[in-house]
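Chemist: Sequence:
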Amino acid sequence: MNETFKNLPLVNDASRRNFLKLTGAMGAAAAFTTTLAACGGPAATTTGSSASAAAVNKDLTIEAGISYALSTGFDPLSSSGATPMAANLHIFEGLIELHPATREPYNALAAADPKKVNDTTYQVTIRDGAKFHDGTPVTTEDVAFSFTRVMDPANKSLFSQFIPFIQDVKPVDAKTVEFTLKYAFPGFGPRISVVKVVPKALATDLKAFDAKPVGSGPYKLVSAVKDDKIVFEAFADYNGPKPALAKGMTWLLLSDAAARVTAVQSGRVQAIEDVPYLDIDGLKSKVKVESVQSFGLMFLLFNCNKAPFNNKLVRQALHYGLDKDAIIKKALFGNAKAASSYFQEGHPDYVKAKNVYGYDASKAADLLKQAGVTSLEFELLTTDTAWVKDVAPLILESWNKIPGVKVTVKSIQSGALYTDRVGTGDYTVVAAPGDPSVFGNDADLLLSWFYSGATWMEKRAYWTAPERAKLQELMNKGSQAAKEDAKKITGEIVDLISEELPLYPIFHRQLPSAWDDKKLNGFKPLPTTGMSFIDVGRTS
1 MNETFKNLPL VNDASRRNFL KLTGAMGAAA AFTTTLAACG GPAATTTGSS
51 ASAAAVNKDL TIEAGISYAL STGFDPLSSS GATPMAANLH IFEGLIELHP
101 ATREPYNALA AADPKKVNDT TYQVTIRDGA KFHDGTPVTT EDVAFSFTRV
151 MDPANKSLFS QFIPFIQDVK PVDAKTVEFT LKYAFPGFGP RISVVKVVPK
201 ALATDLKAFD AKPVGSGPYK LVSAVKDDKI VFEAFADYNG PKPALAKGMT
251 WLLLSDAAAR VTAVQSGRVQ AIEDVPYLDI DGLKSKVKVE SVQSFGLMFL
301 LFNCNKAPFN NKLVRQALHY GLDKDAIIKK ALFGNAKAAS SYFQEGHPDY
351 VKAKNVYGYD ASKAADLLKQ AGVTSLEFEL LTTDTAWVKD VAPLILESWN
401 KIPGVKVTVK SIQSGALYTD RVGTGDYTVV AAPGDPSVFG NDADLLLSWF
451 YSGATWMEKR AYWTAPERAK LQELMNKGSQ AAKEDAKKIT GEIVDLISEE
501 LPLYPIFHRQ LPSAWDDKKL NGFKPLPTTG MSFIDVGRTS
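So in the numbering used here, spot 374 of the sequence shown is number 374, and the numbers just go up one at a time.
Hints were generated in silico from the structure; no laboratory data involved. Positions of the beta carbon are idealized from the N, C-alpha and C atoms, including for glycine.
What follows is a set of in silico ranges between Cβ atoms, one per label pair, in the way DEER data are often shown:
| hint | residue 1 | residue 2 | range |
| --- | --- | --- | --- |
| 1 | D420 | S375 | 23 to 33 Å |
| 2 | D237 | D426 | 49 to 59 Å |
| 3 | N400 | D426 | 18 to 28 Å |
| 4 | D227 | K131 | 24 to 34 Å |
| 5 | R268 | V222 | 18 to 28 Å |
Can you build the whole structure from these sequences, using the hints too?
Modeler: Following this line, the structure appears as structure tokens:
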């Protein structure tokens, strides 16, 4: 991979460890991702990613403990649950992929970097000999079909919002696909990783394909049982850059945190995600545990259509009224960092916001007074995720110290929260997790998830202030900006949303994973929900 991708504006360098979670379809970008297949007779190899560079035995199977059940099917047109999204990054390939751990782009089905014909035309060649799991060859017709079905409004694909710049995709010949853009989009290469290539002959039956996916990735799906396990086997005909280093994988779906901890302690699995913060120190005596800083945020979402939350001063007051450091220390055992921007510190597009909401209860009270609010009583809604439920009482403790403020809390399953309460406008304030970085790590994508289109700002925050139009104008400008202008525009966007606060982070989490480094070679913890076994094999 040459330097082409690394020099793109709003994408630059796709941070190596700073990348969370998407709870489910447009629901709450809040819980997930990530991401193997050569086989044959007994074989061993070594990988350079492990300090020990121990021999990998490709006849062994990887077992892992996953924290989320199957919430959707596997069709990459619509799949958005944490676990199927993670599975799909083993089953399917895009033309370009982002490595789950490093977030660095690499050519997957593409044989070479996209060729820029002009500002609004790109051509991509596909690699020779690529096959789908049913043995049929991957064709340029399949590639064009995969993009056009995502772009088709009738399919209502979640992923269409990430490629609004594409006008048309068509085969040029048996090896080349041409993309025509609506406007220049410098981040073209890494961004097209959001679309996975599927066989046209099978994917037209959406229901069947959702249950029995067929991709070209290094692993193929054998079986999947909700609340039980997912079984994969290495794809013998995979000829891409990231072959499987295991005979197969078994993912045990262990939503109970204690069960995951016991599974890795006992050796039943070699790795688990989402280690409970309380168990980190205890696990370190048996396995390797590491927390990775993520984009994954806990945010406050306001109903800007309801007084007094339609006043930004009230929204600012509640942000100032949160003792974030105490919350992080007590509920998360220090595994988060208070937000000083929309992006986490260390992200390649990080710029410190004009407004940083350190704990200041007296300022919170003054802002409420300026807004004409002398008494404020409301219900805080949260999702029922375990760590969120740990945080919620501490949020109440902070807010209820502000004179005249009285808050209660109710935790609701994520889907019900967004469908029954937020989607109907039956709420005032929500505290919830979110992370679109599973789709990509560039500023435009991360900002677009919450602030572009109607889903979040119009249908959830009910934010119709004039500043919303200004925000969209800045985002449109930023997505097309040259590298030297992109950072400045990103800063203007961050300043605006830190002032208006229809939705804004409280903190960005660190995500702990645990694994047996004596049995796994090349494993890296992810800055997102999910696990990746790209370049990972068993040594024993």
